[in-house]
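Here is what each chain is made of, one letter per residue.
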Amino acid sequence: MSRVKTETAIYAAIALAGIALLVWIIPAYTPPYPGYGAPPALVPNVAVGLMLFMAVLELIRTGIAQRWGRRSRTGAPPSTTAGAADAEGSDGFTQAGQAKLGHLFRFIVPCGLLVPAWNWIGFIPASLLFLLVIQYVVGQRRPIASVLLALVVVAVIYAAMRYGFNVPVPGNAFPEYLPLWK
Amino acid sequence: MEMMIAGALDSLSPISLFFVFTGVAIGVGIGAIPGVNGPMAIALFIPVTYYMSPLAAIGFLVGVNKGAFFGGAISAVLLRTPGTPEAAATTWDGYPLTSQGKGEKALRMALYSSVAGDFFSTLLLVVIAAPLAAVALYMGPPEMFALISLALTVIAGIGTQSISRGLIAASLGLLAGMIGTEPVTALPRLTFDVYQLDSGLSLIPVAIGLLAFSEILVHLERHVGKGGHQESATTFSDKPEDRFVSFKEFAASLKTLFRSSLIGVGVGAMPGLGAPVASFLAYDQAQKRSTHPKEFGKGRLEGIAASESANSSVVGASLIPLFVLGIPGNLAVAMLMGAFMIHGMMPGPLLFEENAQLMYGIFGSLIIASVFLLLIGRFGLRLFCKAVEIPAVVLYPIVIFTCIVGSYLGQSSVFDVVIMLTFGVIGYFMRKFDFSYVAFLIGFILVPEWERALQQVVISSQYDPFLFFTRPVAMVLMLLTFFVVIKAFISSMRSKG
Chain A
1 MSRVKTETAI
11 YAAIALAGIA
21 LLVWIIPAYT
31 PPYPGYGAPP
41 ALVPNVAVGL
51 MLFMAVLELI
61 RTGIAQRWGR
71 RSRTGAPPST
81 TAGAADAEGS
91 DGFTQAGQAK
101 LGHLFRFIVP
111 CGLLVPAWNW
121 IGFIPASLLF
131 LLVIQYVVGQ
141 RRPIASVLLA
151 LVVVAVIYAA
161 MRYGFNVPVP
171 GNAFPEYLPL
181 WK
Chain B
183 MEMMIAGALD
193 SLSPISLFFV
203 FTGVAIGVGI
213 GAIPGVNGPM
223 AIALFIPVTY
233 YMSPLAAIGF
243 LVGVNKGAFF
253 GGAISAVLLR
263 TPGTPEAAAT
273 TWDGYPLTSQ
283 GKGEKALRMA
293 LYSSVAGDFF
303 STLLLVVIAA
313 PLAAVALYMG
323 PPEMFALISL
333 ALTVIAGIGT
343 QSISRGLIAA
353 SLGLLAGMIG
363 TEPVTALPRL
373 TFDVYQLDSG
383 LSLIPVAIGL
393 LAFSEILVHL
403 ERHVGKGGHQ
413 ESATTFSDKP
423 EDRFVSFKEF
433 AASLKTLFRS
443 SLIGVGVGAM
453 PGLGAPVASF
463 LAYDQAQKRS
473 THPKEFGKGR
483 LEGIAASESA
493 NSSVVGASLI
503 PLFVLGIPGN
513 LAVAMLMGAF
523 MIHGMMPGPL
533 LFEENAQLMY
543 GIFGSLIIAS
553 VFLLLIGRFG
563 LRLFCKAVEI
573 PAVVLYPIVI
583 FTCIVGSYLG
593 QSSVFDVVIM
603 LTFGVIGYFM
613 RKFDFSYVAF
623 LIGFILVPEW
633 ERALQQVVIS
643 SQYDPFLFFT
653 RPVAMVLMLL
663 TFFVVIKAFI
673 SSMRSKG
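Same order as they appear, the protein sequences are chains A and B. Residue numbering for the first sequence follows my numbering, starting at 1 and increasing by one per position. Residue numbering for the second sequence follows my numbering, starting at 183 and increasing by one per position.
Just so you know, the hints here were simulated from the structure itself, not pulled from any lab data. From the three backbone atoms N, C-alpha and C, an ideal C-beta is built for every residue, glycine too. Accuracy of the hints is not assured; some may be wrong.
As the list claims (entries may be wrong) - According to the in silico footprint, chain B covers these stretches of chain A (three or more CB under 8 Å from chain B):
#1 55 to 64
#2 127 to 137
#3 167 to 176
Could you build the full structure based on these sequences and the hints that come with them?
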């Protein structure tokens, strides 16, 4: 996807989200006007209105720029090389292509699983496992170093939370069903 | 006077000194690591300050910020990779000196310049903030509403090449900030019937997600599978002339230091410009006014002095609009504003009236932080140089786990971890598609005050929009707001032509 297409898709998505917010979400999830002061929906509407206005304006501008570009090329077919160059992010505009989404998922999935894992297997085992996985994903291939780092980090954080800040850890420290840890 | 003395004594209490010292040391260490900057460090450490007194908390965070400004110079000088964006200009003369074995000398010059610039702007802040705040007390809701509107439009230009995307990001920030209980009706607004959202989105997970977690995700794209281990360019020379900055060399840079500090103060006091602008501007001026302009970029101490004193003098100066008007001019100050709010204080002119002793205590801590920066930098320089060599495979897993635990710590809520991860992903895409996360965050922080001012204007004027015409300051500020938006949009249209 070329830069222009990506930009158009982003602004179109923002414009659609803006319309959905104005027509459905803000009216449905905002309290009714109490009869004095500014209505509760005023500021959200202003913010979304500005967002929608800028997105539509950018869409119009992109459309005009594209049409102008085509005319100036005097009948030549739309260039594919420009799109190819843009696709590589040569102008600093980086795209969320498949590889980047893969990268994102590699980190977000373990992080997302950590939250329920705290409840399933306890804070300490879940955090240890998480750190081992995340180190592997980052590129650590030395098992002893990996285990040592995980142990040290979890021990320090647990001690800080338990004895320093006096904050309960999420879930239990160890699985509840293991009598060993009761 | 009594308040000043009491505040000064508070700042000299052992607990306050300990936290300021720790903050500066952590800041220097963190700033030295490429990819970890001051605002990110503040976001990560705000949850820890929940458990401190307000003075210790603000002193600690200010220490982190000041330390990070100097820390950024360490990797800039040793690796030619600025640890923080404002240290970019320091690389131009710092790295050539390192290549000649004079890395320690370059770092010492960076330290002395940093401390000089920082001390200068802190003194200025102490002298002018309180009198200016007294004047700002005459500003009513219309002026505050107009001022915040202007600040939001100016700030929309930070961190993006397109003002349209900046304004969209600021609007999204405003929208996110409105989630929670509506101030007039006291009923939930935009909460989607999720009860955890009734009290609004907490600043800590939002800031950690946008600033730290998304930054790490972007950085890891470059480091995954490469180990990320960075070696410094060369070992330090043991010759005294290559290690220390002589009095003569320092004195030769005094003029540059003073000029650059003034530039830093000017830039820092204006919302939206930030430390990188100050350091580039000061470097440019130093080169133009130097008797040896051709030596710049080849290892001239004056170049380091210009860049470092300018960017460090932004720290104190950027607190002026925060303390006087309650407007954060840059991201680090926005984070500090968040810390003030977490500790039950609203930055602005009333801060001096309501918390005079605390404010003078903070001023004391700011000055003490400068002294600690000098001491920590002077005696721990070689130790902090090791921070630049921490491999990515060790550093980033620790930071990711700290992000997760930090967002939980604020309210002991797992829901906040989910919020942090969500905003981490949002921040990742915002960075990728050039939407300013800075504008988003500042919009998010300022919206409650903006809405409050608007409600006060509407109620006091009894729905009369012509109220602004009777308030000249508010009218000028609103006109400036429209001018900024129209000018930015026209220039943006022209640039794409």
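Status of the hints after comparison with the structure:
As drawn, the segment 55 to 64 of chain A meets chain B at 4 residues by the rule of a beta-carbon pair under 8 Å; at three or more, the given contact holds. With a cut-off of 8 Å between beta carbons, the segment 127 to 137 of chain A has 6 residues touching chain B; three or more are needed, and the interface restraint holds. Three residues within the 8 Å Cβ limit are the bar, and the segment 167 to 176 of chain A against chain B gives 3, so the coverage statement holds.
Checked against the numbered hints given earlier, the structure satisfies every one of them.
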